[in-house]
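Listed below are the residues making up each chain.
There are 6 protein chains.
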Amino acid sequence: MSIARPSGRAPDQLREVRIERGFTRHAEGSVLVSFGDTRVLCTASVENRVPGFLRGKGEGWLTAEYGMLPRATNTRNDREAARGKQGGRTLEIQRLIGRSLRACVDRTALGERTITLDCDVLQADGGTRTAAITGAYVALVDAVRVLQSRREISRDPVFGAVAAVSVGVYRGVPVLDLDYAEDSDCDTDMNIVMNDGGGFIELQGTAEGHAFRRDELDALLALGESGIATLLEKQRDALAR
Amino acid sequence: MSIARPSGRAPDQLREVRIERGFTRHAEGSVLVSFGDTRVLCTASVENRVPGFLRGKGEGWLTAEYGMLPRATNTRNDREAARGKQGGRTLEIQRLIGRSLRACVDRTALGERTITLDCDVLQADGGTRTAAITGAYVALVDAVRVLQSRREISRDPVFGAVAAVSVGVYRGVPVLDLDYAEDSDCDTDMNIVMNDGGGFIELQGTAEGHAFRRDELDALLALGESGIATLLEKQRDALAR
Amino acid sequence: MSIARPSGRAPDQLREVRIERGFTRHAEGSVLVSFGDTRVLCTASVENRVPGFLRGKGEGWLTAEYGMLPRATNTRNDREAARGKQGGRTLEIQRLIGRSLRACVDRTALGERTITLDCDVLQADGGTRTAAITGAYVALVDAVRVLQSRREISRDPVFGAVAAVSVGVYRGVPVLDLDYAEDSDCDTDMNIVMNDGGGFIELQGTAEGHAFRRDELDALLALGESGIATLLEKQRDALAR
Amino acid sequence: MSIARPSGRAPDQLREVRIERGFTRHAEGSVLVSFGDTRVLCTASVENRVPGFLRGKGEGWLTAEYGMLPRATNTRNDREAARGKQGGRTLEIQRLIGRSLRACVDRTALGERTITLDCDVLQADGGTRTAAITGAYVALVDAVRVLQSRREISRDPVFGAVAAVSVGVYRGVPVLDLDYAEDSDCDTDMNIVMNDGGGFIELQGTAEGHAFRRDELDALLALGESGIATLLEKQRDALAR
Amino acid sequence: MSIARPSGRAPDQLREVRIERGFTRHAEGSVLVSFGDTRVLCTASVENRVPGFLRGKGEGWLTAEYGMLPRATNTRNDREAARGKQGGRTLEIQRLIGRSLRACVDRTALGERTITLDCDVLQADGGTRTAAITGAYVALVDAVRVLQSRREISRDPVFGAVAAVSVGVYRGVPVLDLDYAEDSDCDTDMNIVMNDGGGFIELQGTAEGHAFRRDELDALLALGESGIATLLEKQRDALAR
Amino acid sequence: MSIARPSGRAPDQLREVRIERGFTRHAEGSVLVSFGDTRVLCTASVENRVPGFLRGKGEGWLTAEYGMLPRATNTRNDREAARGKQGGRTLEIQRLIGRSLRACVDRTALGERTITLDCDVLQADGGTRTAAITGAYVALVDAVRVLQSRREISRDPVFGAVAAVSVGVYRGVPVLDLDYAEDSDCDTDMNIVMNDGGGFIELQGTAEGHAFRRDELDALLALGESGIATLLEKQRDALAR
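Chains as they are written, first to last, in the UniProt record's numbering: chain A, 1 to 241; chain B, 1 to 241; chain C, 1 to 241; chain D, 1 to 241; chain E, 1 to 241; chain F, 1 to 241.
Calculated directly from the structure, the hints in this document are not laboratory data. If a hint is listed, it holds; no wrong ones were tucked in.
Here are the simulated DSS-like cross-link-like pairs (lysine-lysine), alpha carbons at most 25 Å apart as the crow flies:
| no. | chain 1 | residue 1 | chain 2 | residue 2 |
| --- | --- | --- | --- | --- |
| 1 | F | K85 | C | K85 |
| 2 | A | K85 | F | K85 |
| 3 | B | K85 | C | K85 |
| 4 | F | K85 | E | K85 |
| 5 | B | K85 | A | K85 |
| 6 | D | K85 | A | K85 |
| 7 | D | K85 | C | K85 |
| 8 | E | K85 | C | K85 |
| 9 | E | K85 | B | K85 |
| 10 | B | K85 | D | K85 |
| 11 | D | K85 | E | K85 |
| 12 | C | K85 | A | K85 |
| 13 | A | K85 | E | K85 |
| 14 | D | K85 | F | K85 |
| 15 | B | K85 | F | K85 |
Computed far set for chain F versus chain A, every beta-carbon distance over 10 Å:
| no. | residue |
| --- | --- |
| 16 | E20 |
| 17 | W61 |
| 18 | R171 |
| 19 | E208 |
On a predicted model such as this, the values are computed, not experimentally measured, just so you know. All C-beta atoms in this analysis are idealised placements derived from N, C-alpha and C, irrespective of residue type, glycine included.
Let the hints inform the model, and build the full structure from the sequences given.
In structure tokens form, the structure reads like this:
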């Protein structure tokens, strides 16, 4: 079965992925990740304190925050700081990013430190949350390397790697890594977060138009697995540079 | 493989499910749904207006709100109204309920009306969001029947049925309909929303402890499908009374 | 002088009052109180801490919160948690409930504990605040019994009993325990809180239509006294079961 | 029975009451009212619009807002604007002021206008809400006179007069017009709002220490009636100047 | 060059300035300052604590808050406490007042105390921030005298004096101390804060209509210097009474 | 007099200034401006509506918003959207940016459109507000060119050019374009906004350590004028590319 994706990509083709480390200089980790025209600045900040519920337990914490610049999108959105609260979508995404990255961190090895992953979308073209997770992982590793180089921690608290991609059913065909044009016109939209052991960390599928059948789900999972394998490789390449 | 679930249930066994219609008298639909000790009051309220973005388009809207009484849980939680905002978990759940129920509604047949599904947890013991979706569907049908009996609408805007259940991997074994004791001690937690055509509407899986493998996912999906079949039957029974 | 109350009740007749203990299972005290169609869930939660201004003084605290489910009323009200603040009416009522119940509590005997009385209206038909006070007293006693059975306190911190009822001048006639139909069409509305020694704890009268004369006030107070005597008896019966 | 009031006043003696009209120049009515050291600036502002629920009904609206300067009191209180919300006490008081003054206004005669009574406490020494009601009445009359002089309204929308005073049981003795020293050490505190026809508009009594008996209530009401008679006279004098 | 200022004043003429100490009795310093019809109540409150970032450093803190009564102006403004936040203009002004007064305070000599300067505008006619700074200085000195008389501090933490005035280009002519009629119709508006050593503390100039040239700036600075000399004298006179 | 600036620059030397147009693709104007390590993304967004107070007047509006990514600075700052409000500094800066740019716009020529200038700091090293103004001007011109190319407007609403720079007294020497190291250790800090006609638009000087004398002010103004001349040239170059 063949369709024309608006982008001209093959169904199982990712957009061009770039991972640029050291994009800003203050943060312990700072990565500009691009999935095509989607560009997210992911910084990892280390602080020597933990939230109240962890104080004195010898464990660290990892959390994420997500934001979008008002004109990252086609039409301007209100600034959340000006509206006085973060919207439901923002909270949902930053909770997802935090859970996903905590899945590859041994918080005991981190000591009583908090790593905050700030994922700010400079330009949006679909898939901002999956780009954010993929980039935030690299920023996290960079921050941990700083801690190691300062000899503040002895054991590496990061085990394995985590990446994320979206998949969806676009005009009846399962496709990988939806851009905005596809995302706003697809029947099913699924975000998949996996680790480098092939395990699933998060799976969030939503039927936009009609409910998806089990065979569609299987096809989407297969696409996701292949896309994530590529993304994990891109992360390794970036971290090796 | 055999485990002892804290509740003594078989791995594929739902808790006792009760669906009590007409629990309060003002709302067009009012259902007290119980999944074991989890009790959620779901009301459906009809209003003759739509949000700004739909005005004048001849379409209706369906939305959901979720709340938990402060002492629905084992220890008291702050009242969200007193704290001055709804938390991320609340927003995430009410967005899920709204999307799930919109999946079985023809908004054109509804006319310029809004149906608000308020799901308030009176007592929590795990699975409040899946109970809420399952109960809200029944409240929705009742509200639509009121509109039909008043001859305000001619076509039935509800097509099919929607129900939800949680599944998880508890001590290595896939189990159906987690209660709180299981939920707080499981490796993977997944919420499944399906319609009566066997299609998936929402799938939200989270690895709590370790990432889940594809075969675990398949087992969870199978459990979910069987549980939802039973829940759909309970809904039909309740609506037939 | 004779009138037809919308409910057909005699001027000095309460609605049917039911007090159902143990309505939910987590709270130390949990009471569903009904004054006719007004149904309020009152829970009493014990926490082993006190607000900052009492810390280290060896005294306890008792406070109340009040809420109404969005569709407890005839038309749906905005959810206060979604609007981001509790309204003036809510704050006024919860302050009243707190003051009323503190009037029968020896906070020294309570030790450094806080009891929070959550009064959530499931269904409203007038008189929600008086039902809440009457039910919260029973929940409070249940919570104290739990503390005594756990041998956490030695002396009973509750002295006497507290109940509340509304009275009003409806079409020129003083009547007891206004329901919504009467409340929205009466000239004077008064809430009376008394203890079992016949003392007044709170008196809040408002002239809705025209100012009330001293003789009307006297008649209202007499009605209130008789209604509260009955309510105190209902509380005793419920607590004896 | 004789006591020494901290102020040296007789039990039935008001503090010195001053009502200074035209205290600021922009508002249609602007009154600085003093009950002893309690000083409240009451302004009445007229606007040619009504709240949404009254639009197009040919009726006006009257509402009140209350505030206290941060250092109006003995120790500094947080500024409510800085804390980001009005407290429960503030909301309760401004609702009381609004209801009390609406009791002497024919909103039809007002036309589609809103009068806002801002009562801001410059210095507090007990009884701020009763001083505010008493002063706001005078500001209201001044604002109405402006409307009449501009020939914007033909009929006087104010009928009768409204004043308020506090009474309480101080060391066992009923006393009139509590100042702060008495208020913080009394057993019962009651605010009485009456009109010039001798009718009650609001009655709010609270047992601080022990519940009050019916004979105490009667004594307090008698004190309140006499105090209000004097205050109504002070208002008339001020308006005649 | 000659113009008619709306007020009839000469270009270099201040409005009548009055500084009334002890306006309210609770605050350690309480000053009603008037620049013509602009009247601001400035209170200085001393508290024996400092903000978190200064705790244990042996230094004090000085901060300012600014507010305007809703009807201080020609048309009523929303009450900031009711709107739930302080506006940008308010925050900007209170930051300016705080910085200006900190410029004459040795915070070490103050010890671990906070002085809060509350500047509340009772009536506005232009220049509220400059009147506030000028009056707050006097309230500050009074509060420090109280600390000295109580022998809580040994060294005077206030060095020099601080006053402020506005200047502007009105219809082409530089003028001193703009009132509202001039302020709303001028090309350039500048607020100048200086100390009694002739040094500048703050300079905030804004071109309202067209950009101002260097020679205009010079003329404005000269006017400001002369106006501030007079204001410093008024402060000295007030403090000597 | 000679000093060593931490950056090694001469007292009258700007940092390297880069103005990169078209940094993101959705906004009508999108400029990444760098003053050394300070990098601000300025976007100009056009919307075909105006705020309520301008509706129907045939005029446009121009406004600015300012934000800083949480880790733009050396230590992480709380996200304003998460804290639920914009701080005083943010509001002050965005008001300054808005006023400065409105000074070069003929709002009648703009028609009933709003241009919003979002200035988001990606990396901070002092002078973010002056970089923001300088970059926002270029984004504004780009947005206007888009409107002209779409033939939506006939006349160019932008007249002249606007740029901004900071100056300060660092260790006794007046210097141009402070970076963070200088800014946090200087005696006087002044932000100057000028147009290409040599007129002043905004002047905001603050004495940090000691008050500044008139001769220091004159030296600072001279430095600012020369720096702005260079910045205006950089803007022209960027716009000519």
